[in-house]
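Protein chains: 2
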Amino acid sequence: MHFTSEQHLADGVRERAFTLGDIPGLLWTPASASASAPVPLILLGHPPLGLGKMYPRLVARALQAASDGFAAATIELPGSGDRPRLPALDRARAELRGAMRAGEPVGDEIVDALVLPLVDQAVPEWQSALDALLALPELRGPVGFSGGVISIGVRLAVVEPRISAAVLFAGSLVPRAVFDEARRVSIPLHVLLQWDDEGNERQASLDLFDAFGSREKSLHANMGGHTGVPQSAGDEAARFFTRHLN
Amino acid sequence: MHFTSEQHLADGVRERAFTLGDIPGLLWTPASASASAPVPLILLGHPPLGLGKMYPRLVARALQAASDGFAAATIELPGSGDRPRLPALDRARAELRGAMRAGEPVGDEIVDALVLPLVDQAVPEWQSALDALLALPELRGPVGFSGGVISIGVRLAVVEPRISAAVLFAGSLVPRAVFDEARRVSIPLHVLLQWDDEGNERQASLDLFDAFGSREKSLHANMGGHTGVPQSAGDEAARFFTRHLN
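Going down the list, the sequences are from chains A and B.
First residue of the first sequence: 1, per this note's numbering; consecutive thereafter.
First residue of the second sequence: 1001, per this note's numbering; consecutive thereafter.
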C-alpha cells in the first residue's frame, strides 16, 4: 500500500489517496485517529461507476463516519474508473441495456454474468485492502461494510470475519446464488430500500432481506428513487454503526 | 374532562388520570410543560386489551415522549377495560378465534366486523379527547399519533387535521376499506413492522404501506414477534416525532 497524496478536509479529517498494487483507493481518518487511539474502520462500497464519479457521495459518507469517530476507506472496483476494462463485464452490461431497451425481462444468465465475476474478483481485493488498512497503527477493528453492490456486501459478510456489521443498499440485480449466500450471513445488518427505486425490483429486495440468516437485521424503506435516500435514513444507518462498532 | 388522580413519575413527569364523560384516560406531561411553555402532544394508541393491561407499555412510551419534550395521552377504547362490553365486537372476536383455531382463513367479513365498528366509535372519541386536551394551557399542537390499532390511526390521519405525523404499527387485521382510506393519508408516516409478527400477515402490511398516499413515509422492519420491537426501533420512532412535532 502506497500513499500517493494527502489533503485535509473539514474538521481535521485527513484524506489520503493510495494504491494497493494497481488498485487505487481512498482513506479518510478523523482528527482523533492516532497510533495511541486507533479508530474502527468502515469500508465504503459503491456501484461500479468509478471512484471519480462517486467521489462526492463517498466523501459525504466519509465525513459522516469521521464525525462519528470512524475511519472510512474504499477501493476502485475491477473494470471501473482507471482500472483495465473487463470485456466480459462490458458484454454483460450491453446485454442488460439491450434487454431493458427492448422491455424484455432481464434473465438470470445476464444477472449472473453481470454480478458474479465482479464479486469473485472484488471480494479478495477488498480483503487485501483490509489487510493493508488494519496494518496502519491509527486503524483497528471492528470493521463495518457500507453500501455499494449488495452482492459484494453479502459475500464479504460471509467470508470475512473481520467485518462485524453491514449497512446494505438493496439496489442491484441479485443473482440467485447470492440468495443462498445470504442465508449464511450472521452479522447484524441494516438494510436500506428505496421503495420506488427505478433500478431495483422491490419484491426481490424484500425476498433477499427475508433470506438473510442474521438474527439481528432491520429493513428501512423510504420513498423515492435510487439516489433519494433521505437524511434521516442516513442518520439511522450511522447510528447502527455507532451501536455495533464501538 | 375531569382529573381524577395525579402522581409524579421519574424526572418530574406528571401522570394524571381523567375521565371524559364515561371514558377513562391518562395524561403525562414533562416537568417543562406550563402555560407559558406549552408542549406538543402525542396520542398513544394501543390494542383493545384495556388500559390496565397496557399500562406498563404505555407509561414507558409516555416517559420516552416526556424525555423528548412531548406530552402524551391516551383513552380507553370502546368495549375495553372498565367500559361496557360491545356484544357485536365480542361476537366478532369469538368468530376470529374460532377461525384461527380451525386453521381457516380469516374472512373479510370477520375482519370488517372486528375492526370497522371499533374505528367508527373510537375515532370521534379520540377527537373529543383532543378537543379537551388541547384546551389545557400546558398543551399545544402539532399533535402526533403513535401505535395501536392501525385502522384507527389511518382514519384519524385522514379526518383529523390537528394530527401532523403518525407512527403506525403494522400489526392488526386491516379491512379492505382501510386500504382505500390509506390512499387519502398525506401526513408524514413512520411505519413499524415486526417481520415475524404472529398476529400479522406480512404481505398485507407491505401492501398497506404501499397504499399510503403520504409523500413522506418510511417502513422500519425488525426481527421478532408482535411485542419484540427493539430499543433502536423505538428510538428511531421517537426521533421521527422530534423531527415533525417541533
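Hints were generated in silico from the structure; no laboratory data involved.
Hints are supplied without guarantee of correctness; some may be wrong.
What the hints assert, rightly or not - To give a feel for the contact side, a few chain B residues facing chain A, derived at Cβ under 7 Å: (1) Met-1100; (2) Asp-1120; (3) Pro-1175; (4) Ser-1218; (5) His-1226; (6) Thr-1227.
To be verified - To give an idea of the interface, some chain A residues facing chain B are shown, with a C-beta separation under 8 Å as derived from the structure: (7) His-8; (8) Asp-11; (9) Arg-85; (10) Arg-93; (11) Leu-96; (12) Asp-207; (13) Ala-211; (14) Lys-217; (15) Ala-221; (16) Met-223; (17) His-226; (18) His-244.
Unchecked claim - Some chain B residues flagged as far from chain A (calculated, every beta-carbon gap over 12 Å): (19) Ala-1031; (20) Pro-1038; (21) Leu-1049; (22) Arg-1085; (23) Ala-1177; (24) Phe-1212; (25) Ala-1221; (26) Asn-1222; (27) Gly-1224; (28) Pro-1230; (29) Ala-1233.
Fair warning: this is a prediction, and the values are worked out from it, not measured in the lab.
By construction, the Cβ of each residue, glycine as well, lies at the ideal position given by its N, Cα and C atoms.
Hint by hint, here is what the structure shows:
1. For B/Met-1100, the interface hint is violated, the least distance from its beta-carbon to any beta-carbon of chain A being 23 Å, above 7 Å.
2. A least Cβ separation of about 30 Å between B/Asp-1120 and chain A goes past the 7 Å threshold, and the interface hint is therefore violated.
3. Of the supplied interface hints, the one on B/Pro-1175 is violated, with its beta-carbon coming no nearer than about 23 Å to a beta-carbon of chain A, more than 7 Å.
4. The closest approach between the C-beta of B/Ser-1218 and any C-beta of chain A is roughly 5 Å, which is under the 7 Å cut-off, so the hint is satisfied.
5. Annotation: interface hint on B/His-1226 violated; nearest CB of chain A at approximately 16 Å, more than 7 Å.
6. For B/Thr-1227, the suggested interface contact is broken, since its CB lies about 16 Å from the closest CB of chain A, more than 7 Å.
7. For A/His-8, the suggested interface contact is broken, since its CB lies about 32 Å from the closest CB of chain B, more than 8 Å.
8. Proximity of A/Asp-11 to chain B is violated relative to the hint, the smallest CB-CB distance being about 23 Å (cut-off 8 Å).
9. For the restraint placing A/Arg-85 at the interface with chain B, the shortest Cβ-Cβ distance is roughly 39 Å, beyond the 8 Å limit, so the hint is violated.
10. The beta carbon of A/Arg-93 is not positioned within 8 Å of any beta carbon in chain B (closest approach about 31 Å), and the interface hint is therefore violated.
11. Here the hint on A/Leu-96 is broken, as its CB sits about 27 Å from the closest CB of chain B, past 8 Å.
12. Using the Cβ-Cβ criterion of 8 Å, the hint placing A/Asp-207 at the interface with chain B is not satisfied: the shortest such distance is roughly 12 Å.
13. Hint status for A/Ala-211 relative to chain B: violated, with the closest Cβ pair at about 12 Å, above 8 Å.
14. For A/Lys-217, the interface hint holds, since its Cβ comes within 8 Å of a Cβ in chain B; the closest pair sits about 6 Å apart.
15. Hint on A/Ala-221 holds. Least Cβ distance to chain B is approximately 4 Å, under the 8 Å limit.
16. With 8 Å as the threshold, the beta carbon of A/Met-223 comes within range of chain B, its nearest partner Cβ sitting at about 6 Å, so the hint holds.
17. Taken as an interface hint, A/His-226 does not check out: its beta carbon lies about 16 Å from the nearest beta carbon of chain B, beyond 8 Å.
18. Below 8 Å, beta-carbon pairs count as interface contacts, and A/His-244 has none with chain B, the closest being about 10 Å; its hint is therefore violated.
19. With a closest Cβ-Cβ approach of about 27 Å to chain A, B/Ala-1031 is found to remain outside the 12 Å limit, as its non-interface label requires.
20. Annotated as non-interface, B/Pro-1038 keeps its C-beta farther than 12 Å from every C-beta of chain A; the closest such distance is 26 Å.
21. With a least beta-carbon separation of about 26 Å from chain A, B/Leu-1049 lies farther than 12 Å from that chain, consistent with its non-interface assignment.
22. Remark: the non-interface label on B/Arg-1085 is consistent with the geometry, its nearest Cβ contact in chain A lying 39 Å away (cut-off 12 Å).
23. No Cβ of chain A approaches the Cβ of B/Ala-1177 within 12 Å, the least distance being about 24 Å, so the stated non-interface status holds.
24. A Cβ of chain A approaches the Cβ of B/Phe-1212 within 12 Å, the least distance being about 10 Å, so the stated non-interface status is violated.
25. In this structure B/Ala-1221 is not separated from chain A by more than 12 Å, as the shortest Cβ-Cβ distance comes to only about 4 Å.
26. Non-interface call for B/Asn-1222 relative to chain A: violated, since the shortest CB-CB distance, roughly 5 Å, does not exceed 12 Å.
27. For B/Gly-1224, the requirement that its beta carbon stay farther than 12 Å from each beta carbon of chain A is not met, with the minimum near 9 Å.
28. With a least beta-carbon separation of about 8 Å from chain A, B/Pro-1230 fails to lie farther than 12 Å from that chain, contradicting its non-interface assignment.
29. With a cut of 12 Å on Cβ distances, B/Ala-1233 falls inside the contact zone with chain A, its closest approach being about 7 Å.
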